[in-house]
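**Q** One-letter residues, chain by chain:
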Amino acid sequence: MIAFANVNYFEPWWVQIVKSIVIFAVVFAILPILIVYERKLLGRFQSRYGPNRVGPFGLMQPLAEIVKFAMKEPMRPNTSIAYLFRLAPVISIITAIAALAIIPWGDVQHIFGQRVGLYGIDVSIGPLYVFALAGISFYGIMLGGWASGSKYSFLGSMRGAAQLISYEVSQSLSIVGVLITAQTLSLTGIVHAQRGMWFFIPQLAGFLVFLVASFAETNRAPFDLIEADAELVAGYFTEYGGTPFVAYLFAEYANMIVVSGMAVTIFFGGWLLPFGLNPPGWVDPFVVLAKILLVFTFFVWIRATLPRLRYDQLMSFGWKILLPLATLNLLVTSIVVVS
Amino acid sequence: MSAVLFFIAAIGAISGAIGVVMMRNPFYSVLALAFHLVSLAALFLLLRAEFVAAAQVVVYAGAVMVLYVFVVAYVGGGEQLASGAVLRILGPLFALALAIELCIAMLGAGLKGVNSRGAPFVLGFGTPKHIGNLFLTKYLFPFELASILLLVAAIGAVVLARRRRGLEPDEQAAYRVEAPRPAYTGTMAEAAGLRPAGGEEPLKPEVEPVGTTTGDATQQQGDW
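From first to last, the protein sequence lines are chains A and B. For the first sequence, our numbering assigns the number 1 to the initial residue and increments by one for each residue that follows. For the second sequence, our numbering assigns the number 1 to the initial residue and increments by one for each residue that follows.
Since the hints were made in silico from the structure, they are not lab data. Backbone N, C-alpha and C fix where the C-beta goes; we use that ideal spot for every residue, glycine too. Be careful, since some hints might not be right.
Now the stretches of chain A that chain B is said to cover, found in silico as 3 or more residues with beta-carbon under 8 angstroms [what the hints assert, rightly or not]: (1) 117-130; (2) 158-171; (3) 235-248.
Given these sequences and hints, build the entire structure.
**A** Structure follows, in structure tokens:
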């Protein structure tokens, strides 16, 4: 058994394999739907229709796009470094998929006489797992920009480096308050600790800091300076086309699912429902999915609403406002918990 | 399974370490170092030190190496410095000394454990809870000492960074370009009437010398 599966019961190997395949397949089926959902939603926000040509209500749009991307001729610039150029999107997509494993979709269920936890893994290090993978996923962006051999890509990845480092600090500090309150790092344990009250009420400051830092960590507007299209063409993936581009795109959206899932798990009670509702266990994944979709909608809403920040504003906001707020939140929470 | 993983991680760690030294391009050296650190984290995982593994990746691969990559990608590459005659002799000497020291350490202590079964695995070993307990009880003093060291380093970095801004006013002026330009080709401040349009009068300096930071230019730019 590999050391990081910290479950209190034994799961046979085939259950783990089936679980990982199901999580992978479901999330990857959702990703194209999310993309068309975002485009439709953005259309509504901006008083236009959005994609409406392919299939009913334009729902087949992602299918058409994926076929188009897959058919494109693979090409890379002469100035690029071949193997790093190919490797970079792979790093991005692998870390994004690996981070999916930690989102708890439900409690432990009895399926076919086995006790199966409705999550990939429940590690004792909890959120640190996601932060570790986020640290590695940075290399996907950095190498992609650097190996492209183009100024715009390089500048985009350079911005990415500074931005990811700055906001990772606030993001990880912001959830420490929750960890102190729940007294565990296991994400299922955090959900169980929210039976009385969801953590976004006592940890409102931590939640807001986490949310803002998450926008920056997933390179979403208003913090999408990495791919600022007005200045950098497309940022770090300027030179990418076809399937490598799709890898970057899917990695971004998978990261958004991970971040939304973290927000749902840590601040919105995971699979728990308010008003004393207690549905049977098979409903849990749908509850989590619905909550993730709500957070995702908020992401899109913000993207449609706020303009992009200037780079120095981004930096001073991260270091001078978010970080002190997160630290203050941590301090107050520790004092309240200890006393 | 764990044996396979061990050898994958071990080969990764050693090849990464070799790559750091052998690569000509500093950027590749940094990448090799990052690869080495991730492989080390895998080895920690195999030893059931989950928290140490995560901390290794978050702190070293995710933060320290990111800064290295950042700096090397900006200023590194290009010209290669030829190593001097002194370095060429001293380098192998130091390497040899280090190798002898490592051999003594390994032969003296490490090899005894090879044929034994090793320390028994305690449930909860290597979890954040376990490590936190140790930090606040058994290793409190070294832990606090390390925190103070880090604090001093952070404050020192801030002080050094501040001093960089304190160039002499005359020195600043030498770098400033004051070229005339046509009216209304400049900034938003000019369009809004906050700054005189055109090149009749010289523009106010963008960067005020330290000590007089309450100048008009900084106020107009809007600060967070």
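**Q** State for each hint whether it applies.
**A** Quick rundown of the hints versus the structure:
no., hint, in the structure
1, 117-130, "holds (count 5)"
2, 158-171, "holds (count 6)"
3, 235-248, "violated (count 0)"
Violated hint for the displayed structure: number 3, the only one.
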